[in-house]
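Place chain B on chain A using the hints.
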Amino acid sequence: MTDTAARPRERKERLEDILVVDADVHVHESPGELIPYCEMPWRVALENIKDVQEFYLDIPGFSPGTTAYEAKFPSGQEGTRMVHNAEQMRRELDEIHVDIGILFPDHFLKIPVISQVEYAAALARAYNAWLLDKWCDPEKGLLGCVLACPQDPEDAAREIRKYTREPGMVGVFLPCAGLERLWGHKQYDPIYEAAQDAGLPVLLHSVTVIHPVFPFNTHGFETEFGRHICSHTFSMMANLVHMITTGVPVRYPNLRVAVTEAGISWVPFLMHKMDKEYVERRREVPFLEDKPSRYLKKMYFATQPVEEPENLGDLVKMLELYDGEDNTIFASDWPHHDFDHPSKVHQVPFTNEVRRKIFGENALRLFNIDPNGNRLNL
Amino acid sequence: MARSDKREREAHVVGEATDFPEGSHRVVRVGRRQIGLFNIGGELYGLPNVCPHQTGPLCEGKPPLGTLVSRAENDWRFEWVHEGEVVVCPWHGLEYHVPTGQCLAYPNINLRRYEVVVEDDKVKVLI
Chain A
1 MTDTAARPRE RKERLEDILV VDADVHVHES PGELIPYCEM PWRVALENIK DVQEFYLDIP
61 GFSPGTTAYE AKFPSGQEGT RMVHNAEQMR RELDEIHVDI GILFPDHFLK IPVISQVEYA
121 AALARAYNAW LLDKWCDPEK GLLGCVLACP QDPEDAAREI RKYTREPGMV GVFLPCAGLE
181 RLWGHKQYDP IYEAAQDAGL PVLLHSVTVI HPVFPFNTHG FETEFGRHIC SHTFSMMANL
241 VHMITTGVPV RYPNLRVAVT EAGISWVPFL MHKMDKEYVE RRREVPFLED KPSRYLKKMY
301 FATQPVEEPE NLGDLVKMLE LYDGEDNTIF ASDWPHHDFD HPSKVHQVPF TNEVRRKIFG
361 ENALRLFNID PNGNRLNL
Chain B
379 MARSDKRERE AHVVGEATDF PEGSHRVVRV GRRQIGLFNI GGELYGLPNV CPHQTGPLCE
439 GKPPLGTLVS RAENDWRFEW VHEGEVVVCP WHGLEYHVPT GQCLAYPNIN LRRYEVVVED
499 DKVKVLI
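Residue numbers (our numbering), protein chains in the order written: chain A, 1 to 378; chain B, 379 to 505.
The following block holds chain A by itself, in its conformation from the complex (with noise of 0.2 Å):
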């Protein structure tokens, strides 16, 4: 492979001039927004909650959160920035030299927790047509995933089915936050065949719960400090140890994967654990055509939240240490808490094609787009 790490004389390309597509970014559903777009007898349900108070990601009868659990403090950072149209979405995004958003709901991060499969499926179809309508615009470089509702596979390849031809759906959103079966299940079969017909790649994304599946089991940490980490980086390691054991990348060789909002230093570590395993107990996982490790390359890691090590450097040995200079993408995940600047990325002593990549090729060849915004595959 290329060097990564920044040759001496090299001028660094500055953040203005490099193409920016940012893999994660959310818009803010609220259950008064999603009511023309809901079937009945839903949309009764989401009428009678549409006024009631609400909390970071935390609404009851739409998205269950931590906020019940704990003494709440006055805080300088509640969580409370949201951006609740396009517009808002392209003024923001410009302030932060992100040429193209790719959008994920709010509230919605954690729809596995909804208990009635009808219901779920019901909000998943819901919201699609919403951001389809109110949000995606190739123009305003703002983009959408299919969100793919887990309690209901069918449903959710048929609505990727239905959206297969829109130019501004590029990928589909696999929730992970409280999911009572790992994504390798089979019954998401009929999801990944939709997403590979329709040369969508598949994003996962968890956010923290409180959920008796694992790894959300974590009522045991007294700290959202605990929690987060848990609920992002664990459950993105259990979900891709499970779908490379259950052979997804085997089964579906043309389906792209992406990780988002797990930072990246765990890459490494899953590679070789899993090459590891794969020594002992092949056996177990006879669809694998070669190391585990082979897989997870193929696969596309978004950096938010980035590790900040003192010595930025660290960061190109990192990404080094996964052959990371093809498969990593930039993410903010504005406008949350713990969202990314690009300048924090844009420090990080890469060379200036590497830098170009993760801010932008790779994800314009994950998404299948051009640079502006367009699908190459309709």
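Bear in mind the hints are in silico, worked out from the structure with no lab data behind them.
Check before you lean on any hint, since a few could be wrong.
[Claimed, not checked] Under 8 Å between C-beta atoms, here's a sample of chain A residues computed to sit facing chain B: (1) S75; (2) G76; (3) H337; (4) K344; (5) H346.
Please read these numbers as outputs of a predicted model, since none were measured by experiment.
All residues carry an ideal CB built from backbone N, CA and C; glycine is no exception.
Positioned in the frame of chain A, the structure of chain B alone reads:
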């Protein structure tokens, strides 16, 4: 304030004293600098409006609040301290004690403190 001994500081008028009542905080411009001015208990404090973490606008957030500490001499019980003296960067939540400029998370981060004086009802920042 060794720096000030080396050269004469300039007093920059940033407003009337009545613009900065007790309990208020706002960001003023002095040339290219943005400075957060806080009136805490009648004392004026000035801090740079740039968080050393990811350059967030640290003085533009909520009014200073208190915060939690936990110390051995109090058997590690949580204590609510510095009421009205801790500003929180609105980007990522790093806390700073306004009167001292001290970052609560990192002992090695101490913000520059601008001296603020009131003369003839004018508020002036000395730089």
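inquiry  = To test your reading of the hints: which numbers does this structure violate?
reply    = Checked against the structure, the only hint that fails is number 5, while the rest are satisfied.
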